Each structure stands twice: as C-alpha cells, then as structure tokens.
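Engineer: The chain contents come next:
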Amino acid sequence: MTGVRHRAERPRRGLAALPVGALLAVGFVGTLGGAGTLAYWNDTSTVQGGTVTAGSLDVKVDGQQGNPSSYTWKALQMTNMAPGERVAASIPISNAGTTPFTYAVTGAATGVPASGVASMLPQVTVKAYVGATASARATTYPRNETCSGGTEALTVVLDETTEPVVPSGAVLAPGESTTLCVTLELAQAAPNDVQGATMTPTFVVTAAQS
Amino acid sequence: MRSSAALAAAAITGLVALTPGRVDASWGDTGTVTGEATAMSLAAPDLQCSTSGVSVIGLGVITSATVSWTPSSRPTSLSYTAKVVEKPEIPVVVSANSSATLSPSLLSALVGTDVTLRVTGALPETEWTVVSDQRLRVGALGLSVTCR
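Going down the list, the protein sequences come from chains S and Y.
Quick note on numbering: numbering that gives the first Met the number 0 labels position 142 of the first sequence as 141, and the sequence is numbered without any gaps.
Quick note on numbering: numbering that gives the first Met the number 0 labels position 93 of the second sequence as 92, and the sequence is numbered without any gaps.
Looking at chain S on its own, in the form it has when it is part of the complex (with noise of 0.2 Å):
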C-alpha cells in the first residue's frame, strides 16, 4: 500500500450537495427573476431635421389689415347728400398670405336720429359690384357716381342686422387681388325728415381657407 495514497472521500458540497428538487426550484426562480432583467441593446442617432414654418391666411383691405380696428374707407364717404344722390367706391381686396382663401362680404349700418331726423338707413339702397371700378369724384349736384365692370353682387338695404353683400364662393389665392366697388344711394323719394342724418355702413371681409 506503500505510495498509494488514497483521497479520505470528502462530503459532498455545492450543487450536487443538493437535492434535485432544490435544484429544480432554484432554476423556477432563476427563470423567473431573468423576465426581469433582460436587457437589450440599444443606441441614438440625431438627425437634425429641417425647418417646418406654418403658411399663412391674410386677407388686406385696401392694404390694410381692418382687423381688429375698422379701416376708415374714405372713398365711401358723401356728405351733404341730396335725394337720388349716389356715391361709389372702390376697394382693393388682397390675398397678402400663403394659402388660397375663399372670401365673403357682409354689411351692417348705423344711423343713430338726432331729435327731430329720422333714420337715413331705410332710404339707402346699397349695391356691391365685384372686380368693378368707381367712377370719378362726382362734385356738382346731383352727384350720380357709379361702380363700372366687374359683377354686380346684391343690392340691399343695411340696418344693424348683419346681410350679405356678396355671397362666398369665390378664390383668391395667394398674392392675388380683386376689387369690391360699393355704391350707396339715398332714395328720391326720401322723406323731408331726414335731412341732416347720418348713415355709417360697415363692410366685413371675411377670408376662410379654401
């Protein structure tokens, strides 16, 4: 036996110390708690992307924004007028944005009597012409000024309630413009009460996108 040396047989350690049902329930465990922690490989790249600029809806009057402020149309202002007078104006409307728009008119009217004047606003028929040009400055009685081309749109007469003057329906797209001519006649027959009145039409122009 000499030289032989023979290992004592040590217990048994670790997983094979182990009972097979132990080890099974370590490996329930171990697949339960690896949901938890997968992990995945990930990365970012930048790309710095282009400019986005929103258009824009733009609708001037004569140039002007008339929004929120009225724009004072002074072309369509006649005082002192007598019956069967008429005075006319024309009004650039404009496409000042970048995206095409249907347009509208309505008008209203004030006339607020003084003591002892009747109300001027039922004696003024009021016509809107479309893509039409006002004739010249009239100054000799009776001044009988006039829209001229363009489309006649509808004749009306204003008071407070809100009407149309021309109807939706037509597109101005952008840069582009047209002209809305407007007359205003006090009736022949106007009654003698209403000298000195006073009429103020206001005209709308609304633009909606088309």
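Possibly wrong hints are sitting among the right ones.
[Stated by the list, open to error] Simulated restraints, written as ranges between beta carbons of each label pair: (1) S/N143 x Y/V130: 22 to 30 Å; (2) Y/S78 x S/Q76: 28 to 36 Å; (3) Y/D132 x S/P190: 36 to 44 Å; (4) S/G115 x Y/P87: 27 to 35 Å.
[Unchecked claim] Computed, partial: chain Y to chain S, Cβ under 8 Å: (5) T29; (6) S40; (7) E126.
These are calculated hints, taken from the structure and not from any lab test.
Since we're looking at a predicted model, the values are computed, not measured.
A virtual CB, placed ideally from N, CA and C, is assigned to each residue, including glycine.
Fit chain Y to the given chain S structure using the hints.
Structural biologist: Just chain Y now, with coordinates in the frame of chain S:
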C-alpha cells in the same frame, strides 16, 4: 360574471367618453371697412322784412310789408312759395323767387291780428323742403301791414 361584464362595459363607456372628437380647423381672417354718408340739410331762408307806404287819396297812407330772402342754390336752386298760415290759409305771390309782399287788402279778413307768413323752399323733384316764418301785424283799420 355578470359583474365583470358590467365593469368592462363601464370601462369602455368611460373610454369612449374620454376620447376627444375629431376637430377640423381651418384658418380664417377678416378685414373691416367703414364708410359714411350724411344727408344734407337745406338752408332755411333768412327772411328780411320791410314796409313801404303808398298814399291813396281819400284813405291816407296804405302800408304794405315786403318779406325778402336770398334764394339758396345749395345743392341747386330751391323753389320758394309763401303763404299766410292762419286759417283759411292765404297764398302769397312770390316775386323773383326771393320776396313776397303783403298788402292790407290781401289780409282784410285778418284786420287787427298778428299773422304768420311762412316761406317754404323746396328742392325740386324731391320731398325735401325748408321753411322760415315771419310774423306780421295787420293794422286795426286795415290800412297797414307791418313787421313784428
């Protein structure tokens, strides 16, 4: 099972209620312009009153009143008429569209009273007129008309 189904239905209902509806927005813009028209007022005649006497044999001096004015040409020549407004109204002849003379004989029915001469300017072919009044006195004896 029934309660689970009810719970699921309630959850779905809740989701539907919370889901926003589709909103179609379109751009718009407005421009507002304002004009103005003012009706004229005819100018009332500025009346001037004067008297003049004429000797009449057997009666003495007969005094008449003449009311005059400058006719307006704004916006165009007005057309003038005159009348005594007391009932019955008495029309008075207008001369040269600018004066009216009242003699005692014209106002014989109004002896001893004050009367009103109304001068009316009318804008031709319209309903518009403008008036001015002049008060006059008809003498008690019916021999004079004087300005008041």
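Engineer: If a hint holds in the structure, say so; if it does not, say that too.
Structural biologist: For each hint, the structure was consulted:
Checked against the hint of 22 to 30 Å, the C-beta distance between S/N143 and Y/V130 comes to roughly 28 Å, which is consistent with it. A C-beta distance of roughly 29 Å is found between Y/S78 and S/Q76, which places it inside the suggested range of 28 to 36 Å. Hint check: Y/D132 to S/P190, Cβ distance near 21 Å, so the stated range 36 to 44 Å is violated. For the pair S/G115 and Y/P87, the beta carbons lie near 28 Å from each other, so the given range of 27 to 35 Å is met.
Hint status for Y/T29 relative to chain S: holds, with the closest Cβ pair at about 5 Å, below 8 Å. Given the 8 Å rule on beta carbons, the hint for Y/S40 holds: about 4 Å separates it from the nearest Cβ of chain S. Annotation: Y/E126 was flagged as interfacial toward chain S, and the flag holds, the nearest CB pair being 5 Å apart, inside 8 Å.
The structure does not agree with numbered hint 3 stated previously, though it agrees with all others.
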